[in-house]
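Visitor: In terms of my numbering, the sequence shown opens at residue 1 and continues consecutively.
Worth flagging that the hints you see were computed from the coordinates, not collected in a lab.
Certain hints may be false.
[As the list claims (entries may be wrong)] Below are the PhoX-like pairs computed for lysine-lysine, each with C-alpha atoms no more than 25 Å apart in a straight line:
1) 37 / 21
2) 37 / 71
3) 121 / 75
4) 21 / 248
5) 209 / 84
6) 16 / 119
7) 92 / 119
8) 97 / 121
9) 238 / 71
10) 185 / 172
11) 178 / 136
12) 46 / 75
13) 16 / 97
14) 71 / 185
15) 71 / 136
16) 37 / 248
17) 71 / 84
18) 172 / 71
19) 16 / 172
20) 75 / 37
21) 248 / 187
22) 209 / 187
23) 199 / 178
24) 247 / 21
25) 238 / 248
26) 16 / 199
27) 71 / 178
28) 92 / 16
29) 185 / 75
30) 209 / 199
31) 121 / 94
32) 37 / 84
33) 185 / 209
34) 92 / 136
35) 75 / 209
Nothing here was measured: the structure is a model prediction, and the numbers come from that model.
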Amino acid sequence: MDLSNEFWNASTEELKQGYMKSEQHFTCLLCGEQTEKGMVYPFEGKYYEAERFLRIHIEQTHQSVFDYLIKMDRKLTGLTEHQKNLLQLFYKGKSDKEIQDELNIGSTSTIRHHRFTLKEKERQAKTFLAIMELLKEKDEYAPAFVPVHKTATMIDDRYNITIEEQEQILDKFIQDEKLTKFPPKEKQRLIVLRSIANKLTAEYLYTEKELNNELEAFYHDYVLIRRYLIEYGLLDRKADGSQYWVKK
Numbered sequence: 001m002d003l004s005n006e007f008w009n010a011s012t013e014e015l016k017q018g019y020m021k022s023e024q025h026f027t028c029l030l031c032g033e034q035t036e037k038g039m040v041y042p043f044e045g046k047y048y049e050a051e052r053f054l055r056i057h058i059e060q061t062h063q064s065v066f067d068y069l070i071k072m073d074r075k076l077t078g079l080t081e082h083q084k085n086l087l088q089l090f091y092k093g094k095s096d097k098e099i100q101d102e103l104n105i106g107s108t109s110t111i112r113h114h115r116f117t118l119k120e121k122e123r124q125a126k127t128f129l130a131i132m133e134l135l136k137e138k139d140e141y142a143p144a145f146v147p148v149h150k151t152a153t154m155i156d157d158r159y160n161i162t163i164e165e166q167e168q169i170l171d172k173f174i175q176d177e178k179l180t181k182f183p184p185k186e187k188q189r190l191i192v193l194r195s196i197a198n199k200l201t202a203e204y205l206y207t208e209k210e211l212n213n214e215l216e217a218f219y220h221d222y223v224l225i226r227r228y229l230i231e232y233g234l235l236d237r238k239a240d241g242s243q244y245w246v247k248k
């Protein structure tokens, strides 16, 4: 499953709850965890039906959907760090006076101005979303773009990738499940690296040796591949390099 694709195609209500429903499963949009309809799952001595258990998973693993979304890159949220700090304090139920004291800024009227600015941003976002939905119905020439992965560390023109372009680049650089050469251009690298990351096991903690073995199966210079996977936000690791995992 392409989790980024599912995430960006989810409705507002699905994003708010953090998961989507299919005929057989409930799927966490934040990490891909799935529960099966009709099954019950144990947690702390009790049993829960599939949908309730996935909500527990989100609370235990991601704290809340709000916390997950607010930490996403600015290019994906459109929020400055200052706005994120304010929203986090609003979400915690802090009063304007408490926020003023905590952030040591302006006055309570300054906080009210920030609230107004954020509400204006919300209105603009709703209008723009409606415009784009209407455009989607009419723009028959619009290309299909590859979704930006949610853990991207720096979003720029490299991510301007169509489905057709992705297929052409993969055909050019990957033969028989192996990378023939490391791509010279940034956009090509991104496409190839995402393909490699998708072949790694999600939610598995690799030792450095295990990861090297996996990557060497794709390309002889596994150190290069590992470094770029981390740089592009597709892979994460412990500070001491003892464990690596796929970011979702």
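Visitor: Hints first: check each against the structure and report whether it holds.
Guide: Hints, one by one, checked against the model:
1. 37 / 21: OK: residue 37 and residue 21 at ~9 Å, within 25 Å.
2. 37 / 71: Roughly 30 Å between the alpha carbons, so the hint for residue 37 and residue 71 is violated.
3. 121 / 75: 15 Å, holds
4. 21 / 248: 19 Å, holds
5. 209 / 84: 38 Å, violated
6. 16 / 119: Holds: residue 16 and residue 119 sit about 18 Å apart, inside 25 Å.
7. 92 / 119: It holds: about 17 Å lies between the C-alpha atoms, which stays within 25 Å.
8. 97 / 121: 23 Å, holds
9. 238 / 71: 19 Å, holds
10. 185 / 172: Given that 25 Å is the threshold and the Cα spacing comes to 13 Å, the pair holds.
11. 178 / 136: 37 Å, violated
12. 46 / 75: 41 Å, violated
13. 16 / 97: 28 Å, violated
14. 71 / 185: This hinted pair is violated, its Cα atoms lying about 29 Å apart.
15. 71 / 136: Roughly 29 Å separates the two Cα atoms, so the pair is violated.
16. 37 / 248: Status holds; Cα separation ~23 Å.
17. 71 / 84: 8 Å, holds
18. 172 / 71: Outside the cut-off at roughly 36 Å; violated.
19. 16 / 172: Violated, at roughly 39 Å.
20. 75 / 37: Measuring from Cα to Cα gives roughly 35 Å; hence the hint is violated.
21. 248 / 187: It holds: about 20 Å lies between the C-alpha atoms, which stays within 25 Å.
22. 209 / 187: Violated - the C-alpha atoms of residue 187 and residue 209 are around 28 Å apart, more than 25 Å.
23. 199 / 178: Holds - the C-alpha atoms of residue 178 and residue 199 are around 12 Å apart, at most 25 Å.
24. 247 / 21: Answer holds: residue 247 to residue 21 is near 22 Å, not above 25 Å.
25. 238 / 248: Measuring from Cα to Cα gives roughly 16 Å; hence the hint holds.
26. 16 / 199: 29 Å, violated
27. 71 / 178: Roughly 35 Å between the alpha carbons, so the hint for residue 71 and residue 178 is violated.
28. 92 / 16: 17 Å, holds
29. 185 / 75: Satisfied, since the Cα-Cα distance of roughly 22 Å is no more than 25 Å.
30. 209 / 199: 17 Å, holds
31. 121 / 94: This hinted pair holds, its Cα atoms lying about 21 Å apart.
32. 37 / 84: 36 Å, violated
33. 185 / 209: Cα-Cα ~28 Å, so violated.
34. 92 / 136: 37 Å, violated
35. 75 / 209: Violated, because 34 Å separates the two Cα atoms, which is more than 25 Å.
Against the hints set out earlier in the document, violations occur for numbers 2, 5, 11, 12, 13, 14, 15, 18, 19, 20, 22, 26, 27, 32, 33, 34, 35.
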